[in-house]
Each structure stands twice: as C-alpha cells, then as structure tokens.
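Asker: What follows is each chain in one-letter form.
Protein chains: 2
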Amino acid sequence: MERGTSRPGGRTARVREQVLAAVVDELAEHGLEGLGVDGVAARSGVHRATVFRRWGDVGGLLADTFDAAASDTWTPPDHGSLRADLEALAREVLEYVGPPESSVRALMGAAERFPRAREALHRFLDDRYRRSAVVVERAVARGEVGASVVPRQVLVGALGPLYHHLLHLGDSPTEADAVAYVRMVVGGLP
Amino acid sequence: MERGTSRPGGRTARVREQVLAAVVDELAEHGLEGLGVDGVAARSGVHRATVFRRWGDVGGLLADTFDAAASDTWTPPDHGSLRADLEALAREVLEYVGPPESSVRALMGAAERFPRAREALHRFLDDRYRRSAVVVERAVARGEVGASVVPRQVLVGALGPLYHHLLHLGDSPTEADAVAYVRMVVGGLP
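Protein chains in written order, with full-length UniProt numbering: chain A, 1 to 190; chain B, 1 to 190.
Next comes chain A alone, as it looks inside the complex (with noise of 0.2 Å):
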C-alpha cells in the first residue's frame, strides 16, 4: 500500500495527497492517542475547516488514506508459478506491515477504531484480493492446480497467518516463515 497515485494534477488532489501524507506522518510520529484533524491540517499546510468539511474527524481521514491507497495501479507479481507468486506476495506482506514503525500496520490498528475506517480497510484488502485472484487463475490455467480451488481462499490462506502474527500474536514473521506458509497451503505437510 503505497502512497495515494490518485490522478495527478488538480488542486483538489493534491490537496488530498497532502492530507493523508500527514495522516501517515502524524500517526507516525504521535500515535493514535495523538493523532487529531487539527494537527493534521497545520502538518499538511491545508486549511483546518477545509480537512473538516471534506474529512469530517480522524475516522474519515482514516478512511480516505485506504481508499487513496486502494485506487493505486498496482499489480500481483507474475513469475510463472503459483509458488513463486505466492511467495512474491508474502514478501510484499512483510516489507509493508512487518516492520514496527510500518504505516501500514499503524493504519490497520488506528481503523480498527472507527467503523468508516475499519469499512474501508476491508474494502482495501478485498481490492488487493481481488486483483491478486489471477495469480491463481493463471495456476488453474498451467494445469498447476485443479480448477475448483477458489483464489481467494488460497490467497488468504497463504498471506492470512502473516497478518494474524503481525497484528494478533505480536511476533515478527520471517521470510523462512512466509514460505513455510505458501508451501503448506500449495503442498500440505510433508
């Protein structure tokens, strides 16, 4: 979940890009306790009753950092086996909310607090789903995997234990880990 890459151009979006840049910062630097619309404005250099009229309070900026993040162009991997692209997508997972200072995690935790927000991380992760579906599609295709498995439920089943460590039991994956992952759900137990 990179930054917002919302149509360049305009006043309004980059008045966007600048709010939920400083959403992002704030987090970062004062946590959710510390985090208000207020000092998002003077961070963002935007107009405090221009982030309430459009945000409306710390859910609704929550809320539109996900969705930005959820109107990006980005694409699953494609390295010509489900293995692979499985594992291509857990490292993803790990370089973006395995760190402790990650963002991304920050995010998740914050949304978890205000249902707009929390609707919206849903929506991003579906998206993100939904997109990487064809990294099965394309394994059912090779003849890699029969035809009645169902994409999401590979893709959650591989990627879904790295964010139940990451957000739930507090403990930091490895790569080593996000592969044994992928190759239980691809292969079983030996």
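Calculated directly from the structure, the hints in this document are not laboratory data. Values in this document were obtained by computation on a predicted structure and should not be read as measured data. All C-beta atoms, glycine included, are put in the ideal place defined by N, C-alpha and C. One should not assume that every hint holds.
Said to hold, decoys possible - Listed next, with one range per pair, are the computed distances between beta-carbon atoms:
hint: 1; chain 1: A; residue 1: Arg91; chain 2: B; residue 2: Ala147; range: 23 to 31 Å
hint: 2; chain 1: A; residue 1: Gly36; chain 2: B; residue 2: Ser172; range: 28 to 36 Å
hint: 3; chain 1: A; residue 1: Arg142; chain 2: B; residue 2: His30; range: 47 to 55 Å
hint: 4; chain 1: A; residue 1: Gly36; chain 2: B; residue 2: Pro190; range: 49 to 57 Å
With chain A held as given, fit chain B onto it using these hints.
Answerer: Chain B in isolation, oriented as in the chain A frame:
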C-alpha cells in the same frame, strides 16, 4: 476464551471475577468509546477506588481480561486425526470470535489501542498455541505427518486465515471455509 476460571473462593478472586465480567458487559453494551473504569466499577458493584488501585485504567482492565482467560483449564481436542483436531480448533475460533456480537472479537479490537492489553492478547494467543501444539505432536507420533513440521506453524497456518477474515476482512468465514483452510494446510491444493 471463556470467562475466567481462576481458583474459586477468596474475596480477591471474587472481586476480580465481578470486575472482569463487567468489562465484557460494558464493552458489549457501550463499545470501546463508552468503556471506562467508573462504568465498570458501577456495574460490578466493586468500589471505584479498588478498581483504580488494582487495574489502573481501561488498558489494565482489558489486559487482565486476557490474562484471566489464559489461566483457564482449556485443553485442545483429541479426535484421533490431525485434520479432525484442526477442524475442531477452527470451529472453536468461529464459535468464539465469529459472531458479530462476540465479546472476544470486541476485546481483540479494543486491545489494539492499549499496549498492555495488546501484550496480554499476544500472551493469551501464544498460550493457546502452546497448549494446542500437542495436536500436531500427536499426529507426528502417529506417523500422520513428518517430524520436521513446526507445530505452531501448522496451527497458525490453519487458524490464522480465520482471524484475518474476522478482524481485517470483515467477512464471516463459514465452517466450510474453515474446513477448506485445514484441508489446504494438511493436504495442499488439488
């Protein structure tokens, strides 16, 4: 995670039980925004000063709720096969964390906001996974799976996707989904 079953008897144990039950009830009734030490004290019938002295704040109350749950007598299922045991564990996750009005789910969401509560959640789940490791160890002893498997990885691989669904994707996996995750982890893809 059923309500604390700490050693019975003793006023201290009784007070703890009353207070932690009130935490769950207040959270269910008012949500995290409406959860406060005063409300918990009033509902539990325990003196406010006692609650403040012993638990400090909402984070302390939430943390102790997880710690109490971790000191119960829960043991994992033993149905004679790895798949059956993992499916039974998955059904427990669905039963306790699945329902939208689940108190465990509310507690997990709330814990995200308080470092002490978050650490207690990590301890609670870690304890559950340690107790559940025997499910995999028995399968190794029966020769069902190779001795090289890492019990915790198998458990997190099978159950992690359910927590990811419930807490991050906002959808409700069915028992069929849970069975599918277990099947993938144990037997791989068709």
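Asker: Does each hint hold? Answer for all of them.
Answerer: Against the structure, the hints come out as follows:
| no. | hint | in the structure |
| --- | --- | --- |
| 1 | Arg91/A to Ala147/B: 23 to 31 Å | holds (28 Å) |
| 2 | Gly36/A to Ser172/B: 28 to 36 Å | holds (33 Å) |
| 3 | Arg142/A to His30/B: 47 to 55 Å | holds (53 Å) |
| 4 | Gly36/A to Pro190/B: 49 to 57 Å | holds (51 Å) |
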